[in-house]
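Novice: Residues per chain, in single letters:
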Amino acid sequence: MVMTTIAASQIGGFPLQLTVLLFVPFAVITLFAALLTGSIGDEVGEFYLGDRELTPLRHGLAMCGDYLSAATLLGSTGLVALTGYDGILYLVGTVVAWLLVLLVIAQPLRNAGGFTFGDTLALRLPNGHRSVRIALAACTLTVSVLYLVAQLVGSVALLSQFVGVPGSLSRATCVIAIGTLVILFVAVGGMLGTTFIQVVKAVMLVVGVAVTAIMVMTHYHWNVNTLLGGAVHGSGLGNTFLHPGLRFGGSISNKLDFISLEIAIVLGLAALPHLMMRLLAPRRSSVLHRSLLWTIGLVGFVCLAAAVLGLGAVGIVGRDTITRTSPSGDAAVLLLAQSMGGAILTALITCLAFVTLLAVAAGLTLAAASSLAHDVYAEVVCKGQATAQKELAVARFAAFVIGALGILLALVAWSFNPATLAFLAFAIAASAILPTIVYSLFWRKFSATGALLSLYGGLSCSILLVVFSPVVSSTPGSIFPSADFAWFPLNNPGLVSVPAGFLLGWLGTVLGSSKDTETNAETYDQFEVRSLIGAD
Amino acid sequence: MAIPPTPNYSDYFPDPARTTNSKSPHQGGQEVRDHDADFRELRQISRTFGAKKMLLGVGSFLLYVLLSCFAPALMDLPVLGHITVGFVLGLLQFVIMAAIARLHAVHMRTEVEPLVDQLREEREEAEKARQTEEQGPIPSKIRYRSW
Chain A
1 MVMTTIAASQ IGGFPLQLTV LLFVPFAVIT LFAALLTGSI GDEVGEFYLG DRELTPLRHG
61 LAMCGDYLSA ATLLGSTGLV ALTGYDGILY LVGTVVAWLL VLLVIAQPLR NAGGFTFGDT
121 LALRLPNGHR SVRIALAACT LTVSVLYLVA QLVGSVALLS QFVGVPGSLS RATCVIAIGT
181 LVILFVAVGG MLGTTFIQVV KAVMLVVGVA VTAIMVMTHY HWNVNTLLGG AVHGSGLGNT
241 FLHPGLRFGG SISNKLDFIS LEIAIVLGLA ALPHLMMRLL APRRSSVLHR SLLWTIGLVG
301 FVCLAAAVLG LGAVGIVGRD TITRTSPSGD AAVLLLAQSM GGAILTALIT CLAFVTLLAV
361 AAGLTLAAAS SLAHDVYAEV VCKGQATAQK ELAVARFAAF VIGALGILLA LVAWSFNPAT
421 LAFLAFAIAA SAILPTIVYS LFWRKFSATG ALLSLYGGLS CSILLVVFSP VVSSTPGSIF
481 PSADFAWFPL NNPGLVSVPA GFLLGWLGTV LGSSKDTETN AETYDQFEVR SLIGAD
Chain B
1001 MAIPPTPNYS DYFPDPARTT NSKSPHQGGQ EVRDHDADFR ELRQISRTFG AKKMLLGVGS
1061 FLLYVLLSCF APALMDLPVL GHITVGFVLG LLQFVIMAAI ARLHAVHMRT EVEPLVDQLR
1121 EEREEAEKAR QTEEQGPIPS KIRYRSW
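Chains as they are written, first to last, in our numbering: chain A, 1 to 536; chain B, 1001 to 1147.
None of these hints come from the bench; they were simulated from the model. Honestly, I wouldn't trust all of these hints.
Partial list, computed: chain A residues near chain B (C-beta under 7 Å) [stated by the list, open to error]:
| no. | residue |
| --- | --- |
| 1 | V95 |
| 2 | L102 |
| 3 | L103 |
| 4 | V104 |
| 5 | G229 |
| 6 | I533 |
Only pairs whose alpha carbons sit at most 30 Å apart, straight line, appear in this in silico DSSO-like list of lysine-lysine [claimed, not checked]:
| no. | chain 1 | residue 1 | chain 2 | residue 2 |
| --- | --- | --- | --- | --- |
| 7 | A | K445 | A | K383 |
| 8 | B | K1052 | A | K445 |
| 9 | B | K1052 | A | K255 |
Okay, the calculated bits of chain A under chain B, using three or more residues with CB under 8 Å as the criterion [to be verified]:
| no. | region |
| --- | --- |
| 10 | 240–249 |
| 11 | 285–291 |
| 12 | 294–302 |
Using N, Cα and C, we set each Cβ at its ideal position, and we do this for glycine too.
Could you put the whole structure together from the sequences, leaning on the hints where they help?
Specialist: Structure below.
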């Protein structure tokens, strides 16, 4: 995952200066706006869930903002630009992921309600809910911090598109500046401030992507065939560019790796902690399903536009230029912007990317801080007796600690591929948290033992598989390229660890004491009424 | 002027079972389950809808991925110029997603929400009747507390 050090910077420093010029006023203005709209009082609920009366459009925009990170804007377009058909295949998965949220998880989860998913579990599994909360908090923290580090590392990767591999001073400046902004947004603004920046970012992202895609389509006279023809020509690969298998073809393990990645993406989304907080937020269930309609529409639109951008980039800029600037293809959309709109459009897109990763990082920090303050401090340490003021103070402090931890880890791991880190977070969420969500909502006999086994088991299984995968050792791109202890052939553990998480949850429930199971079935009857009728 | 108390957790998410009857917490849930065909119908329609649409969406996506992985020759068949079967199927996934999202919204509006509203009303009535029976009239603050 070490970035190639010979990456010649093609974009140059001028657009970067322009970006800083754009980004700094933006950050200052949104920060003040977030402070003004942010939670000033002592309301814990407001800090965790924000304004619970948001309109469906705004809530949909906020969810879209939480989901679409800089990886979508830069990584996916790059993947399309370099691998054509396979990149588009991957983009389809990004949209299909919402199926599970829409059809299975969202409504019952919101109806059962709570500040965090831990509250829902406490209602569902009252026996031993404290240990379940701790297990859930451990999984939530792992996923959030990993994804947070991916965003912060992404900011360094973005910087390196302009100046080549940045020196230690500019790396530190970049990570610490973004990280500090994130901490400020979360600790001061809470969910209200985070929602604000999320909505602003989503609008900017949709507009920015739409404008650039329209420019590309106009360039090709709105003819898809011409666009594809241009991409084939620019790729220098001939028709193979539009055939399956450029990225995920060849050996069987390569194909399995792709299926594993798709499993992580499609199933992981429903278990991402910051997205779960959004699902819990609306006061009325009708608002939730209307906002999901907006989210799916917007995400679908951005993904289609990303495909156009990727194809346009390879057609207009050419594959060689893209790989010379960044071997992973992250620079594709920036190079496209430069050749179509000069330094100003490049600076706008870069600014958009910085805002995107800032907003996603803020959502993640908030989710982790809520989990620490509510699940661990208020419910376990204080056994539910904490005052609102104290809990809020702990939440703000936790945001600071998580942010600082994220900054430190990002400074150590700056050379990792941000997309790999993000997909690991997805895979861990899908294997550790998703089984517990599904079982607790739909399985009458599910018990606390099953939850503990599935949470800890899914977490350790996915982490162990990553440690023994090519991500960590044996290939030139690994963390330890010279060592070789990679007996697990896949880059993404999802294919094995997700079924393992579900299996462990089932095993723990079946093997647990029968008395435990009976009381849980009784509690489930009540819980089911609540999850279907809900609290409006 | 009295300072309003700081809302705590249960003000945000009152547990229907607990607010229904504090002495026997299971009664609220049980009542709805046992005596209400409407409740079973609600569960039935939500589960059936979810399962069918999941099957459609995930099935078509899985088919698309597996065909792309293991039958690339089929996906390469040209449809029009550079556009191949694979591209058409990929675009079809977006269409299917949009259709499912739209159907879900209609399903929620026309089938689920009226039933939920009705069930909730019945519960509130029952709760009111029981509370009056047991403790006499209850303060309006509790009775009309918004969920």
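Novice: Take the C-alpha atoms of K445(A) and K383(A), compute the straight-line distance between them, and say whether it is at most 30 Å.
Specialist: Cα-Cα ~26 Å, so holds.
Novice: Please verify the coverage claim for the region 240–249 of chain A: does it have three or more residues whose C-beta sits within 8 Å of some C-beta in chain B?
Specialist: It holds: at least three residues are needed, and the region 240–249 of chain A offers 6 whose Cβ sits within less than 8 Å of chain B.
Novice: Hint validation: L102(A) versus chain B, beta carbon distance must be below 7 Å. Holds or violated?
Specialist: 6 Å, holds
Novice: Hey, does the G229(A) contact hint survive, CB to chain B under 7 Å?
Specialist: With a minimum Cβ separation of about 5 Å from chain B (threshold 7 Å), the hint on G229(A) holds.
Novice: Can the hint on V95(A) be confirmed by a CB-to-CB distance to chain B that is less than 7 Å?
Specialist: 5 Å, holds
Novice: Under a C-beta cut-off of less than 8 Å, do 3 or more residues of the region 285–291 of chain A approach chain B closely enough to confirm the stated coverage?
Specialist: holds (count 4)
Novice: For the pair we were handed, K1052(B) and K445(A), check the Cα-Cα distance against 30 Å.
Specialist: 24 Å, holds
Novice: Do three or more residues of the region 294–302 of chain A come closer than 8 Å to chain B, measuring C-beta to C-beta?
Specialist: holds (count 3)
Novice: The hint names V104(A) as touching chain B; please verify it with the least Cβ-Cβ distance against 7 Å.
Specialist: 6 Å, holds
Novice: Need the status of pair K1052(B), K255(A): alpha-carbon distance at most 30 Å?
Specialist: It holds: about 28 Å lies between the C-alpha atoms, which stays within 30 Å.
Novice: Given L103(A) was flagged as interface, is its beta-carbon under 7 Å from a beta-carbon of chain B?
Specialist: Interface hint status for L103(A): holds (5 Å vs cutoff 7 Å).
Novice: Measuring from the C-beta of I533(A) to each C-beta in chain B, is the shortest one below 7 Å?
Specialist: 5 Å, holds
In the structure shown, no violation is registered for any of the earlier numbered hints.
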